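> So the chains spell out like this:
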Amino acid sequence: MVNKRSLPVLAAIATVIGLAVATPGAAADKTVALVLGVKGSPFYQALACGAQARARELGLKLTVSAPDQFAADSQIPVVNGVAATRPAVAAVVPTDMQALVEPLRQLHGRGTQVITVDQTISDVSFVQTQVLTDNAAGGRMAADAMNTLLGGKGKVLTITQPPGSAAQDAREAGFKAELKKFPGISYLGPQYQSDDPQKAAEIVTSTLSAHPDLAAVFSTNDQGAIGAITGLRQAGATGKVKVVAYDAATAEVNAMKNGSIQALIAQNPKQEGEAAMEAAAALIAGKHLGKTTLTEIVTIKGSDKAAADKYEYRANCN
Amino acid sequence: MNWIKSFTGRSHEELREALDSDHARTSQERFNRFIGGGWIFILLLALVAVFWVSRPEQFGSAYNLTMLAVNAAILLVLSVGQTFVIISAGIDLSLGAVLVFSSVVSAQTMLWLSGEPAGTFGTTAGGWGVVAAGLAAGLVSGAAWGMLNGLLIAVARIPALIVTLGSLGMALGMAQILTGGVDVRAVPDRLVTEVGTGTLFGMPILVVIAGSVAIIAAIVLHLTRFGLHVFAVGSNAEAARRSGIRLTLRVISIYALSGMLAGLAATMSIARFSTTTINGHAMDNLSTISAVVLGGTSLFGGVGSIVGTVIGVFIPIVLLNGFVILGIPPFWQTVAMGAVLILAVWVDQLKRRTRQGS
Numbered sequence: 001m002v003n004k005r006s007l008p009v010l011a012a013i014a015t016v017i018g019l020a021v022a023t024p025g026a027a028a029d030k031t032v033a034l035v036l037g038v039k040g041s042p043f044y045q046a047l048a049c050g051a052q053a054r055a056r057e058l059g060l061k062l063t064v065s066a067p068d069q070f071a072a073d074s075q076i077p078v079v080n081g082v083a084a085t086r087p088a089v090a091a092v093v094p095t096d097m098q099a100l101v102e103p104l105r106q107l108h109g110r111g112t113q114v115i116t117v118d119q120t121i122s123d124v125s126f127v128q129t130q131v132l133t134d135n136a137a138g139g140r141m142a143a144d145a146m147n148t149l150l151g152g153k154g155k156v157l158t159i160t161q162p163p164g165s166a167a168q169d170a171r172e173a174g175f176k177a178e179l180k181k182f183p184g185i186s187y188l189g190p191q192y193q194s195d196d197p198q199k200a201a202e203i204v205t206s207t208l209s210a211h212p213d214l215a216a217v218f219s220t221n222d223q224g225a226i227g228a229i230t231g232l233r234q235a236g237a238t239g240k241v242k243v244v245a246y247d248a249a250t251a252e253v254n255a256m257k258n259g260s261i262q263a264l265i266a267q268n269p270k271q272e273g274e275a276a277m278e279a280a281a282a283l284i285a286g287k288h289l290g291k292t293t294l295t296e297i298v299t300i301k302g303s304d305k306a307a308a309d310k311y312e313y314r315a316n317c318n
Numbered sequence: 001m002n003w004i005k006s007f008t009g010r011s012h013e014e015l016r017e018a019l020d021s022d023h024a025r026t027s028q029e030r031f032n033r034f035i036g037g038g039w040i041f042i043l044l045l046a047l048v049a050v051f052w053v054s055r056p057e058q059f060g061s062a063y064n065l066t067m068l069a070v071n072a073a074i075l076l077v078l079s080v081g082q083t084f085v086i087i088s089a090g091i092d093l094s095l096g097a098v099l100v101f102s103s104v105v106s107a108q109t110m111l112w113l114s115g116e117p118a119g120t121f122g123t124t125a126g127g128w129g130v131v132a133a134g135l136a137a138g139l140v141s142g143a144a145w146g147m148l149n150g151l152l153i154a155v156a157r158i159p160a161l162i163v164t165l166g167s168l169g170m171a172l173g174m175a176q177i178l179t180g181g182v183d184v185r186a187v188p189d190r191l192v193t194e195v196g197t198g199t200l201f202g203m204p205i206l207v208v209i210a211g212s213v214a215i216i217a218a219i220v221l222h223l224t225r226f227g228l229h230v231f232a233v234g235s236n237a238e239a240a241r242r243s244g245i246r247l248t249l250r251v252i253s254i255y256a257l258s259g260m261l262a263g264l265a266a267t268m269s270i271a272r273f274s275t276t277t278i279n280g281h282a283m284d285n286l287s288t289i290s291a292v293v294l295g296g297t298s299l300f301g302g303v304g305s306i307v308g309t310v311i312g313v314f315i316p317i318v319l320l321n322g323f324v325i326l327g328i329p330p331f332w333q334t335v336a337m338g339a340v341l342i343l344a345v346w347v348d349q350l351k352r353r354t355r356q357g358s
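Residue numbers (this note's numbering), protein chains in the order written: chain S, 1 to 318; chain R, 1 to 358.
Okay, chain S solo, but in the shape it has when bound:
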């Protein structure tokens, strides 16, 4: 089947792949695998950067992998590949709370200690620890910031993901619960967009048509925030309608510096990565960990440029 023309090509491929093959790791007990939620997201890149830096300090042998999409069917083959390498510890960002249970259980069954990072799964009986942020608390912090910005009165809209994402649901629930403390603020409820700034912009402009006295918008993620400020700019309402947004993506930090966003609720992905590696090192040393390891969330006010720069999600490792 192979004619003479294709042989050199084959040989070339074999050589390239052969060169790419690193020598197998020595100390098998220090290997840690990190599986991110998706490739190319600044948030997860920052998380990977934090993990890599801390793994170096702790002397762990870390490999990072990630699926093409933030979806279970895309991530499970990656998790299976990691399971085949039998690392001592695997830190995984599960992309679905239910579909990832079985693959992670298999990973555990093959002698790897499992940590979940950033997201979690519905059955954590075999998970050593979950590195998480308190999303409901983040929602409450957003409501408090909103109250300060509005001086206690006005109409407020939330832009969030359709129900089903545990983290975003918790942010909206926390926000809604805390708003009840402020009787002057009337809550218009949530509107949904799926990581689609265009949709978020449409929601904001049409809400402004219905409620010209809209006072503020809370977005539970960066894509919604980018859409919201676009919609406000389109409607000429930038600055008049306040925006409080989750995350500290570069676009959001820039928008805060030019006054389109008034406050950010920032997570600390770098710290999440570091916390995951510290947990991994502790597990390798035979220590026992609590079921959850919380990492910080902070409110950044528009005037605090230093904090905005500090918490901005940066994809480069330094």
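Be a bit skeptical, because a hint or two may be false.
As the list claims (entries may be wrong) - Short derived list, chain S residues pointing at chain R, Cβ under 7 angstroms: (1) 38; (2) 59; (3) 61; (4) 63; (5) 65; (6) 81; (7) 84; (8) 85; (9) 98; (10) 99; (11) 163; (12) 170; (13) 173.
Source of the hints: derived by calculation from the structure; they are not laboratory data.
Just so we're clear, the structure is a prediction, and the values are computed from it rather than from any experiment.
Glycine included, each C-beta is placed from N, C-alpha and C at the ideal position.
Guided by the hints, dock chain R onto chain S, whose structure is given.
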């Protein structure tokens, strides 16, 4: 390979004769066609060999090989449908969305039959009857989308690319409407434990199902009249019509078959993930098309094989698995997979050209 064009206007019998005489060429050529330009098979073997040699105890472990097969299973069932469509010179972009829609219909049917409330989380106690009803619901809803595609293509004469792009959006949107965007999280425990993770003589059930589908599809495609018609429609639709093939009916049945296989894949997907995956399967259409093309099936129709598709499905899966095991950085994996696709098809083209020139 566009030999059939020279038979425009001949009767059905003559067309069949011509096809039969083609079948009777040298065994070497028949083998070539059978595995769709065997170069791809060699590439797959080379990949496996390289990964195996560099990480024998990890890549070559029984666990990993089983996982490779399980990861290929659902995509293989979808790709088999796509093979029929592409051989008939069509394209089906709606596969992944039809899978999502069918999985929602199937999961909701099973949830409703097991009598649990809609928001149930975890697993239900539904028996085999419930599972069978869910499977049937998935197959029927998948086939219905396929028939709609086929009707619009064959009767309304809208290009397949546009029709299936449209039904991609419609099926996904309908799935979101049916569920309010929230995955159905409760499926029968039996389906998950006995089909999703179960084994038969050591083979995962999902792999057994996908293997059976591939074998049956290969028989249908290469040895039956229906299969012959699929090739004829793809080689030259006008010639096929003049030689007495009922074109409209054939096109509709080809897309219905593809939709029905997406419905089967939907139930397999529920069994595997124990939930519907509304936000997943976005790239399934392109994955199946690249698998089919890697397997030597011509995007212009009229040429192709199931065996080639099986090999084509495994190449990206083996690559991803091998790269993860070797710890190659994620972004380089994306680049390498794209390069392998182009390289493989290019070399396959060279092979074809030399073969036709000789």
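> Determine for every hint whether it applies to the structure shown.
Structure-based check of all given hints:
1. 38: Violated, about 10 angstroms.
2. 59: Residue 59 (chain S) check fails; min Cβ-Cβ to chain R is 17 angstroms, beyond 7 angstroms.
3. 61: 9 angstroms, violated
4. 63: 4 angstroms, holds
5. 65: Check passed: Cβ of residue 65 (chain S) comes within 5 angstroms of chain R, closer than 7 angstroms.
6. 81: 3 angstroms, holds
7. 84: 4 angstroms, holds
8. 85: With Cβ-Cβ at 5 angstroms, under 7 angstroms, it holds.
9. 98: 4 angstroms, holds
10. 99: 4 angstroms, holds
11. 163: 5 angstroms, holds
12. 170: Violated, about 15 angstroms.
13. 173: 15 angstroms, violated
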